[in-house]
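**Q** Residue numbers (UniProt numbering), protein chains in the order written: chain A, 1 to 114; chain F, 1 to 114.
No wet-lab data here; the hints were simulated from the structure.
For clarity, every value in this text was computed on a predicted model and none was experimentally measured.
A portion of the hints provided could be inaccurate.
[To be verified] Listed below are several chain F residues computed to face chain A (Cβ distance under 8 Å; list not exhaustive):
1. M1
2. Q14
3. T22
4. P26
5. Q41
6. R51
7. T55
8. S56
9. E60
10. E62
11. I93
12. F104
13. H105
Every residue, glycine too, gets a C-beta built ideally from N, C-alpha and C.
Protein chains: 2
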Amino acid sequence: MKRTDFTNCSCAMQRSMGILGTRWKPVIVYKLADRKIRFGQLAVMIEGISRKVLTSSLKELEEDGIVMREEFKEIPPRVEYSLTAKGKALIPIMCQLVKWNEEFHEQTDTLQPL
Amino acid sequence: MKRTDFTNCSCAMQRSMGILGTRWKPVIVYKLADRKIRFGQLAVMIEGISRKVLTSSLKELEEDGIVMREEFKEIPPRVEYSLTAKGKALIPIMCQLVKWNEEFHEQTDTLQPL
Numbered sequence: 001m002k003r004t005d006f007t008n009c010s011c012a013m014q015r016s017m018g019i020l021g022t023r024w025k026p027v028i029v030y031k032l033a034d035r036k037i038r039f040g041q042l043a044v045m046i047e048g049i050s051r052k053v054l055t056s057s058l059k060e061l062e063e064d065g066i067v068m069r070e071e072f073k074e075i076p077p078r079v080e081y082s083l084t085a086k087g088k089a090l091i092p093i094m095c096q097l098v099k100w101n102e103e104f105h106e107q108t109d110t111l112q113p114l
Numbered sequence: 001m002k003r004t005d006f007t008n009c010s011c012a013m014q015r016s017m018g019i020l021g022t023r024w025k026p027v028i029v030y031k032l033a034d035r036k037i038r039f040g041q042l043a044v045m046i047e048g049i050s051r052k053v054l055t056s057s058l059k060e061l062e063e064d065g066i067v068m069r070e071e072f073k074e075i076p077p078r079v080e081y082s083l084t085a086k087g088k089a090l091i092p093i094m095c096q097l098v099k100w101n102e103e104f105h106e107q108t109d110t111l112q113p114l
């Protein structure tokens, strides 16, 4: 099933996953939060992301109305990313995911072999 | 970057994505909610999921302490899945994602060509 097939699902949870359901997109949204960030800065802020994956994720998030891309015609050209209202509405949810992980992270460590 | 690499990240958001960051896993968690469900029922409840992807997703969710698998030695054998406490703690967050989608879904429809 393609990303766009998810966006047309009758289930709102599946539609959300059509927009966010990758390992990287929620991390990108969380890092952007209420700031404008340049591509290069984002690439440094997110542990282990490749420039290729960051580029394609930002492009899809822009298509889905989550991220706004602003290009400034300077020399050298500057491109900044920020969240739209739809994207900003995700921040409290992302913060809860962080809380959830912090609460249960240690617990899982003790359950699983290293 | 592999799933297990995410689980060892210093960023709690990335750790969460090591556990949940696919299109299907949050949908599986949301469908399980507070019920015990058989594999075959889950496969029917989730639009478009293949049995192969459902099997591997459930296995990983079990490894990460989100899902509990119970096998009943009946004829034919019965296997039921349910959420652990760690998995149940995700339900309010998943419900907010659904609300978020319902709120913004129509808005995106008008922004994007069909």
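**Q** For each hint, tell me whether it holds in the structure or not.
**A** Quick rundown of the hints versus the structure:
Using the Cβ-Cβ criterion of 8 Å, the hint placing M1(F) at the interface with chain A is satisfied: the shortest such distance is roughly 4 Å. With 8 Å as the threshold, the beta carbon of Q14(F) comes within range of chain A, its nearest partner Cβ sitting at about 5 Å, so the hint holds. Taking 8 Å as the C-beta cut-off, the interface hint given for T22(F) holds, the closest approach to chain A being about 6 Å. Here the hint on P26(F) is kept, as its CB sits about 6 Å from the closest CB of chain A, short of 8 Å.
Given the 8 Å rule on beta carbons, the hint for Q41(F) is violated: about 15 Å separates it from the nearest Cβ of chain A. Interface hint at R51(F): violated, since its Cβ lies 14 Å from the closest Cβ of chain A, which is beyond the 8 Å cut-off. For T55(F), the interface hint is violated, the least distance from its beta-carbon to any beta-carbon of chain A being 16 Å, above 8 Å. At a threshold of 8 Å, the smallest CB-CB gap from S56(F) to chain A is about 15 Å, leaving the interface hint violated.
Using the Cβ-Cβ criterion of 8 Å, the hint placing E60(F) at the interface with chain A is not satisfied: the shortest such distance is roughly 12 Å. A cut of 8 Å between beta carbons decides the hint on E62(F): the least distance to chain A is about 11 Å, and the hint is violated. Taken as an interface hint, I93(F) checks out: its beta carbon lies about 5 Å from the nearest beta carbon of chain A, inside 8 Å. With a least beta-carbon distance of about 5 Å to chain A, the hint placing F104(F) at the interface is held under the 8 Å criterion.
Below 8 Å, beta-carbon pairs count as interface contacts, and H105(F) has one with chain A at about 6 Å; its hint therefore holds.
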